[in-house]
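Novice: Could you fit the two chains together into a complex? Lean on the hints.
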Amino acid sequence: MALTLPYPSMNFVPLDVLTAAEQNQLVANIEYIANQFPITSQNIDWTTMGLVFSGATSQSETITQTANYQYKVISGLTSTVPVEPGGKYLIVAALSLNSTYNNGNTDFGVNILVGGTNKGTVLTGGTSYQSIVAFGEVDVISSTQMTVEVSIGGRVPGTYTVYTGSSLRVFRVK
Amino acid sequence: MLPYINYNETMDIVIDTIAIWTANFQNGLTVRKNPAGLRYKTKDGVYAIADKPIYRFAKDYKVGKTRYTLFVRTFDDNVGVAEKALDKVAKGLKEDFVKEKIANADVYNFEYLDFNIKGEK
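Residue numbers (numbering that gives the first Met the number 0), protein chains in the order written: chain A, 0 to 173; chain B, 0 to 120.
Source of the hints: derived by calculation from the structure; they are not laboratory data.
Here the structure is a predicted model, which is why all the values come from computation and not from measurement.
Treat the hints with care, as some may be off.
[Claimed, not checked] Straight-line alpha carbon distances no greater than 30 Å define the calculated DSSO-like cross-link-like pairs of lysine-lysine that follow:
(1) B:LYS64 / A:LYS173
(2) A:LYS173 / B:LYS98
(3) B:LYS42 / B:LYS117
(4) B:LYS64 / B:LYS51
(5) B:LYS87 / B:LYS51
(6) B:LYS64 / A:LYS87
(7) B:LYS98 / B:LYS51
(8) A:LYS173 / B:LYS51
(9) B:LYS42 / B:LYS98
Same shape as in the complex, but just chain B (with noise of 0.2 Å):
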């Protein structure tokens, strides 16, 4: 029997939302392009297939001795309106609050934040 993993609450794409996890140890912005046909989750919690491509911007940061990721999936390819919304949140963020959020981070787990691709709550 396969182990049970619970993809609707571990594995859900969100569009336009920036999600926090542990450092990636890159220099700068990164993007991936994902092609069409990936599942994710509107803001009304409904499932939908994307019926174009997913582009994941992620870009590492640091506060006090803390590194870690902040990444977004969106349908929009500006790196620009990315990576300014990335920085914008990262600069409001505290040491013990991102110790907190990625003190579980693995592949399966990762955080949320509140704030939306313009960086925006």
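The following block holds chain A by itself, in its conformation from the complex (with noise of 0.2 Å):
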């Protein structure tokens, strides 16, 4: 990923005694190198990055939440995939959906599972038409596949309606 820094071209080499004005201006490019994380779509460099799988929803899909804190997964939006040992991989999926809640509280998320367990979380709230994007990193230690599934669920029951379209990509960063 290129990033351009505040202050490019600063150059030292041992010995140099820097001014405070140099000193300030090192911070500031730490600054801004440190502001980039957590990962957004905004600085992510997707030419560097190997598309390893990409679905979308074929049809709509309604899911109910029948209790408190409950995360269901969408069928449509699970996935095996092949995977390389010592790789590192960036899910990402992208949903179109509708919520209704039983009650006024309307916080939910979404959440991304590899193998089960949590690997991204996005939570909003609202009950009209969102568009939602998730992010979950995976470093891939020795499997050959893994299992990534996108759930949602919320504080309260309610009734979710993912639209189709809804996708899920997994891409290996390279």
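Specialist: Here it is in structure tokens:
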């Protein structure tokens, strides 16, 4: 990922004495780099990633949550994908959905699960039509495949409709 | 207790002696003017305080696939002389030699070469 620093082309060799202004510039550069995280769609260089898997739901799916804090897997956004041991993967779930609740509490979230473990969560709220993008990062140590699932649920019971075209993508970070 | 740094061995400015370090990734010669007052080491190994500005000239070079920086500190502000000397020394360096010299380079580690500001041994 190539970043453009606020103060590029700073150069020093050993024993150089830096001025206060230069030290301020160094700090500004460090802060800029620090602020690049966590990962968002704005600071990812998609061209450096290999697309491993890309799938989209072919039909709308309605999910009913019956208990508080209950998360349910969206069946159209589940897949087992081949991975390379030692690789780093970025998983992106993009959902179009509607949600309704049994009472006024509208907080809910989308989880990315790999092998049943949560690797990324996006929390949101509201009952109207929404577009949500959730990110998850996985370091694969020894497996040759991983199961990726996207689940949805909230603080209180509710019903979610995930629309056609919602997608799940897995990228190999190079 | 502060960490011990052996300034005598690692942090000496030696005037008019060309040194090698890791690449700075700059195009062309860079110059830094340091005010009077810096401590430096004379050719006789004696420490002295500079009573005039010290100029630092540095330039990136590439040999084979290895990039590196040559730099020199001098009282002379003549850019042409410094760059000519650095270029002359760089021409004579082989990749294996450069790799060995910059293998352990960091902020505290660099190596002086046996070349003076005129590019001579």
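Novice: Run every hint past the structure and note whether it holds.
Specialist: Hints and how they fare:
1. Taken as a hint, the LYS64 of chain B and LYS173 of chain A pair is honoured in the structure, with Cα atoms around 22 Å apart against an allowance of 30 Å.
2. For the suggested pair LYS173 of chain A and LYS98 of chain B, the alpha carbons sit about 27 Å apart, so the restraint of at most 30 Å is met.
3. Restraint check for LYS42 of chain B and LYS117 of chain B: satisfied, since their Cα atoms lie roughly 15 Å apart, inside the 30 Å limit.
4. Under the criterion of a C-alpha separation no larger than 30 Å, the hint pairing LYS64 of chain B with LYS51 of chain B is inconsistent with the structure, at around 39 Å.
5. About 27 Å separates the Cα atoms of LYS87 of chain B and LYS51 of chain B, which keeps this hinted pair within 30 Å; it holds.
6. Annotation: proposed proximity of LYS64 of chain B to LYS87 of chain A holds, straight-line Cα distance about 28 Å (limit 30 Å).
7. Straight-line distance between C-alpha atoms of LYS98 of chain B and LYS51 of chain B comes to about 35 Å, which puts the hinted pair past the 30 Å bound.
8. For the proposed pair LYS173 of chain A and LYS51 of chain B, the alpha carbon gap of about 51 Å is over 30 Å, so the pair is violated.
9. Pair hint LYS42 of chain B plus LYS98 of chain B holds up; C-alpha atoms about 27 Å apart against a cutoff of 30 Å.
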